[in-house]
Amino acid sequence: MLDPEFINSQETIDLRHRILRPGQDISICYYTEDNLSSTFHLGIRDDHGRVISNGTFMAQGHLLFSNARHPYRLRGMATDHAYQKQGLGQRILKKALSELQKRNCDLLWFNARTSAEKFYAKLGFISSPEVFEISGAGPHKVMYKWL
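Letter by letter, the sequence shown follows residues 1109 to 1255 in this note's numbering.
Possibly wrong hints are sitting among the right ones.
Said to hold, decoys possible - Straight-line C-alpha distance at most 25 Å; calculated PhoX-like pairs for lysine-lysine:
#1 Lys1203 x Lys1249
#2 Lys1193 x Lys1210
#3 Lys1249 x Lys1193
#4 Lys1230 x Lys1202
#5 Lys1193 x Lys1230
#6 Lys1253 x Lys1203
#7 Lys1226 x Lys1253
#8 Lys1253 x Lys1210
#9 Lys1203 x Lys1226
#10 Lys1249 x Lys1226
#11 Lys1230 x Lys1249
#12 Lys1202 x Lys1226
#13 Lys1253 x Lys1202
#14 Lys1249 x Lys1202
#15 Lys1193 x Lys1203
#16 Lys1253 x Lys1230
#17 Lys1253 x Lys1193
#18 Lys1230 x Lys1203
#19 Lys1193 x Lys1226
What the hints assert, rightly or not - What follows is a set of in silico ranges between Cβ atoms, one per label pair, in the way DEER data are often shown:
#20 His1178 x Ser1243: 17 to 23 Å
#21 Arg1158 x Asp1214: 16 to 22 Å
#22 Glu1207 x Gly1131: 18 to 24 Å
#23 Glu1113 x Ala1190: 17 to 23 Å
#24 Gln1118 x Ser1236: 31 to 37 Å
#25 Gly1169 x Ser1206: 18 to 24 Å
#26 His1178 x Asp1133: 32 to 38 Å
#27 Glu1238 x Asn1212: 25 to 31 Å
In short, the hints are calculated from the structure, not lab data. Cβ coordinates follow ideal geometry from the N, Cα and C atoms, glycine included.
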């Protein structure tokens, strides 16, 4: 129970909208890369089969990491409010890192909300020093981990 599993892109939209972009147009919760063969989505379901935590992982580079051979990006990491602070996000990231190693990924990076920086740092992710604003989502930092 509460183990991460592969889910489809449509199953990520509810949490992306409710948790990450509440009150905004749902269309911004769909990513261009969602259905690429290199992209995968992980989720954790409750006892009723509803996705309560999820993340999307896509093959994508970043200018800061031009030396990465096969980088991936995390997007749309979200956990239902009722299930936060229960280790679900950590479980998703642990499963994702295992999957990324199978795919010969050498770097995972993402734009982290500054409010989540400590969570990711506890899992070994490093923060870039610059803070930047994402419209409608607040202050962020690039975070990363070499694999």
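Checked hints:
With a CA separation close to 23 Å, the supplied pair Lys1203 and Lys1249 stays within the 25 Å bound. For the suggested pair Lys1193 and Lys1210, the alpha carbons sit about 28 Å apart, so the restraint of at most 25 Å is broken. Annotation: proposed proximity of Lys1249 to Lys1193 holds, straight-line Cα distance about 21 Å (limit 25 Å). Between the alpha carbons of Lys1230 and Lys1202 the distance comes to roughly 12 Å, so the proposed pair stays at or under 25 Å and holds.
Restraint check: the Cα-Cα separation between Lys1193 and Lys1230 comes to about 13 Å, which is no more than 25 Å; the hinted pair holds. For a cut-off of 25 Å, the pair hint linking Lys1253 to Lys1203 stands: about 15 Å separates their Cα positions. Proposed proximity of Lys1226 and Lys1253 is supported: the alpha carbons are some 14 Å apart, at most 25 Å. For the suggested pair Lys1253 and Lys1210, the alpha carbons sit about 16 Å apart, so the restraint of at most 25 Å is met.
As the CA atoms of Lys1203 and Lys1226 are separated by approximately 20 Å, the hinted pair is consistent with the 25 Å bound. With a C-alpha separation of about 12 Å, the suggested pairing of Lys1249 with Lys1226 holds against the 25 Å cut-off. This hinted pair checks out: Lys1230 and Lys1249 have alpha carbons roughly 15 Å apart, not beyond 25 Å. Our distance criterion of 25 Å between C-alpha atoms is met by Lys1202 and Lys1226, whose separation comes to about 16 Å.
Taking the CA atoms of Lys1253 and Lys1202, the gap is near 12 Å; set against the 25 Å cutoff, the hint holds. About 21 Å separates the Cα atoms of Lys1249 and Lys1202, which keeps this hinted pair within 25 Å; it holds. Proximity of Lys1193 to Lys1203 is assessed by CA-CA distance (about 18 Å); at most 25 Å being required, the pair is judged to hold. Restraint check: the Cα-Cα separation between Lys1253 and Lys1230 comes to about 12 Å, which is no more than 25 Å; the hinted pair holds.
Simply put, Lys1253 and Lys1193 have alpha-carbon atoms about 22 Å apart, close enough for the 25 Å limit, and the pair holds. A threshold of 25 Å between alpha carbons decides the hint, and for Lys1230 with Lys1203 the separation of about 16 Å falls inside it, so the pair holds. For the hint linking Lys1193 to Lys1226, the alpha-carbon distance of about 12 Å falls within 25 Å, and the restraint holds. Distance hint check: the CB atoms of His1178 and Ser1243 are about 30 Å apart, inconsistent with the given range 17 to 23 Å.
For Arg1158 paired with Asp1214, a C-beta distance near 34 Å fails the hint of 16 to 22 Å. For Glu1207 and Gly1131, the hinted distance range of 18 to 24 Å is not satisfied, since their beta carbons lie about 33 Å from each other. Between Glu1113 and Ala1190 the Cβ separation comes to about 20 Å, which falls inside the hinted range of 17 to 23 Å. The beta-carbon spacing between Gln1118 and Ser1236, approximately 32 Å, falls within the hinted interval of 31 to 37 Å.
Under the hint 18 to 24 Å, the C-beta atoms of Gly1169 and Ser1206, about 21 Å apart, fit the expected range. His1178 and Asp1133 have their C-beta atoms about 33 Å apart, which keeps the hinted 32 to 38 Å range intact. The hint said 25 to 31 Å for the Cβ distance between Glu1238 and Asn1212, and at roughly 29 Å that hint holds.
Of the hints listed earlier, those the structure fails to meet are numbers 2, 20, 21 and 22, in rising order.
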